[in-house]
Amino acid sequence: MIRDITIGQYYPSESVIHRLDARVKFIATIAYVIAIFLFDTFWGFLPAAVWLLTIIIVSGIPFRFILKGLKAVLFLLLFLVIFNALMTPGEVLVQWWIFKITDKGLTNAGFMALRLSMLVIGSGMMTYTTTPSQLTSGMESLFKPLGIFKVPVHEVAMMMSIALRFIPILLEETDKIMKAQQARGADFESGNIFRRAKALIPVLVPLFVSAFRRAGELAEAMEARCYHGGKGRTKLHPLKFAARDYISLALIIGFVVGMGFVP
Amino acid sequence: MVRFENVTFEYIRRDEEGNVDSITTALDDLSLHIKKGEFVAILGSNGSGKSTLARHINALLKPTEGKVLVAGYDTSNDKDTLEIRQRAGMVFQNPDNQIIAETVEEDVAFGPENMGMPVDEMQKRVDEAMKRVGLYKKRLESPNRLSGGQKQKVAIAGILAMKPECIIFDEPTAMLDPAGRRMIVETAHELNKKDGITIILITHNMEETVGADRIIVMEKGRIALEGTPRQVFSKGDRLKELGMELPAMTELAQRVGLDGCILTREEFVEAYKKAIR
Chain A
-1 MIRDITIGQY YPSESVIHRL DARVKFIATI AYVIAIFLFD TFWGFLPAAV
49 WLLTIIIVSG IPFRFILKGL KAVLFLLLFL VIFNALMTPG EVLVQWWIFK
99 ITDKGLTNAG FMALRLSMLV IGSGMMTYTT TPSQLTSGME SLFKPLGIFK
149 VPVHEVAMMM SIALRFIPIL LEETDKIMKA QQARGADFES GNIFRRAKAL
199 IPVLVPLFVS AFRRAGELAE AMEARCYHGG KGRTKLHPLK FAARDYISLA
249 LIIGFVVGMG FVP
Chain B
165 MVRFENVTFE YIRRDEEGNV DSITTALDDL SLHIKKGEFV AILGSNGSGK
215 STLARHINAL LKPTEGKVLV AGYDTSNDKD TLEIRQRAGM VFQNPDNQII
265 AETVEEDVAF GPENMGMPVD EMQKRVDEAM KRVGLYKKRL ESPNRLSGGQ
315 KQKVAIAGIL AMKPECIIFD EPTAMLDPAG RRMIVETAHE LNKKDGITII
365 LITHNMEETV GADRIIVMEK GRIALEGTPR QVFSKGDRLK ELGMELPAMT
415 ELAQRVGLDG CILTREEFVE AYKKAIR
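One line per chain: the protein sequences are A and B, in this order.
Following my numbering, the numbering of the first sequence begins with -1 at its first residue and continues without gaps.
Following my numbering, the numbering of the second sequence begins with 165 at its first residue and continues without gaps.
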C-alpha cells in the first residue's frame, strides 16, 4: 500500500534533468506551480503543460511510474471535480432532483482536475529526479539568506536528511513491535477502522520511546564526530552551477517573462 | 596519549524542583595512563563505569573532579573539544544509531565536513578510509543495506577519515553476529599494528581481549585488576568475583589440567599435544 505511492521517491537515471543542480530544479518547480495557479484559460495552461511534457520526456521516467503518483490523490481529485461541477452557479445543463450541473461548473471542475494533476506530477518530477540528500542541501543553500531572520536553515535541513535516513529503520521497528505483540495475542486485523486504530496505540508507545532513545544516541555519535552545527562546515559534494544549470535558469526566466504575454 | 588523573565522575539525578535526588559515582578517583600505540581492553560488568570512562576520552563527559588529558589537551577546556574529538574517535554499540548520511561515502565524510576540510582533501581522505576498511565498492550504497559488521566498518572509516590518533570502541560487537565480531576485532588489531593507532576496546567478550597489550578490569568506578592478558587471566578466582569469566580456551586448559595460562586455540593445541605425548 505505502509502496504504491511514488510521490517523493527517487527514480535513478542519468538524464540531464537528474544531473541539474537541485536549486535550479527547485526554482523551476516554484515557477511552474505559480504558472498553473495564475491562469484559468486554455492558453494559460498550454505553456506549463508543454514544459511539463518536455521535462518528462527528457528525464526518461516512464509514464506509468508518474501516473502511479497520481493514484495517491485520486480521491481528492474526484472530490474536487464533483464539488466543483455541482456547486458552481451558472447556466444549467443537466438537472436531477437537487443536483444540477452547470456549464461553468463543468469548466471549473475540468480546470481544477487539470491543475491538481499537473501540480502533483510537476512537484513529483522534482523528487523523482533529485536524491533526498541533494534536495536537502539544495534547499539549505537556497534558504540560507533566511538565516539573517534567525531561521535555523542548516538545522532544519539536517533534521530533514536525518528523518529521511531513519524512515526505513523506524518502519522495520514498527513491524518488529507489531510482530512481538501479535505473538502475545494482539489483534491488528479485525474490527472496524476505529478498533484497528485503537489497537495501534500500544505499538506507537514503544515506537516513540525507542525513537527518542535512538535520537539521543545519534546526537551523541554526531557530537563525537565533531558536529557543532552548520558553522564552518564544508560539504563532500558542494553544489556547483555548471553550464547546463545556467542555460536552464535562463529558460526558466524566459518562461516566467513569457507568462506575462499570455492573454 | 590518554591520561586520567584522580578522576571522579558523578551522575546527579534531580527531581522536578531541582533538588538532588540521588548521586551515582560512576568513576571513583581513577588514575590511568594509556601510551601511544597501545591496545588496551577494558572489561567490567554492567554499571562498572567502563562506558563512562570511554565517554571521558572524547570529551562527551567531563570529570566532576580530577583531570583527563588527551594528546596533551585537557578535556575540561571547551575550546579544545573539537581538537580532542578529531584525535580520539569513538565507535558505539548500535551500528544503526551512529550513521547519519544516506550513502556510505557521505557518512564517512561527516566528520571531515564538520572539521571544515577543503573538498579535494576530503574526497581523498574519504576514499582512502573506505579502501582501508574494504568498503570502497559500496561507497554509493545506502547504509541500510549493509550488514551489522559492515555498518560498524562504515563508522570506523568515518573516524579514520579524520586521521585519529586513538579510537575508542564502546562494545562495538555487542549487536553483531560472530562473523561481524571477528571482522571488527581484526580491523581494530590491524589499525593498531599497521597504522599505530591507539586502541581502547571496551567489551563483554573475553575472547576479544586476548590479543590486547593490556587488560583493565573495572569494578564500581575503580580499576580492580590490571595487566597483560596472561597476568589477568591467571587470576581466575578474582575474575569470577568480579563477575567475569575466563576465555573458553583458558578455562578448558585449566579443567583438563594443563599447566600455564593458555589464551588461544593455537597455544591450547600445542600444550595438549605436548601433554599427551
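Hint data in this document are derived by calculation from the structure and do not stem from the laboratory.
The beta carbon of each residue, even a glycine, is placed where N, CA and C say it ideally should be.
Mixed in with the good hints, there may be bad ones.
[As the list claims (entries may be wrong)] Simulated restraints, written as ranges between beta carbons of each label pair: (1) A:Ile28 <-> B:Asp238: 47 to 55 angstroms; (2) B:His368 <-> A:Gly230: 37 to 45 angstroms; (3) A:Ile32 <-> B:Gly298: 45 to 53 angstroms; (4) B:Glu285 <-> A:Ile245: 26 to 34 angstroms; (5) B:Glu285 <-> A:Ile251: 50 to 58 angstroms; (6) A:Leu162 <-> B:Gly400: 34 to 42 angstroms; (7) B:Gly298 <-> A:Ala213: 51 to 59 angstroms; (8) A:Thr172 <-> B:Arg177: 39 to 47 angstroms; (9) A:Arg193 <-> B:Asp193: 39 to 47 angstroms; (10) B:Val184 <-> A:Lys66: 27 to 35 angstroms.
Each hint, compared with the structure:
no., hint, result
1, A:Ile28 <-> B:Asp238: 47 to 55 angstroms, "holds, 51 angstroms"
2, B:His368 <-> A:Gly230: 37 to 45 angstroms, "holds, 39 angstroms"
3, A:Ile32 <-> B:Gly298: 45 to 53 angstroms, "holds, 50 angstroms"
4, B:Glu285 <-> A:Ile245: 26 to 34 angstroms, "holds, 31 angstroms"
5, B:Glu285 <-> A:Ile251: 50 to 58 angstroms, "violated, 37 angstroms"
6, A:Leu162 <-> B:Gly400: 34 to 42 angstroms, "violated, 51 angstroms"
7, B:Gly298 <-> A:Ala213: 51 to 59 angstroms, "violated, 30 angstroms"
8, A:Thr172 <-> B:Arg177: 39 to 47 angstroms, "violated, 32 angstroms"
9, A:Arg193 <-> B:Asp193: 39 to 47 angstroms, "violated, 59 angstroms"
10, B:Val184 <-> A:Lys66: 27 to 35 angstroms, "violated, 59 angstroms"
Violated hints, listed in ascending order, are 5, 6, 7, 8, 9, 10; each of the other numbered hints is respected by the structure.
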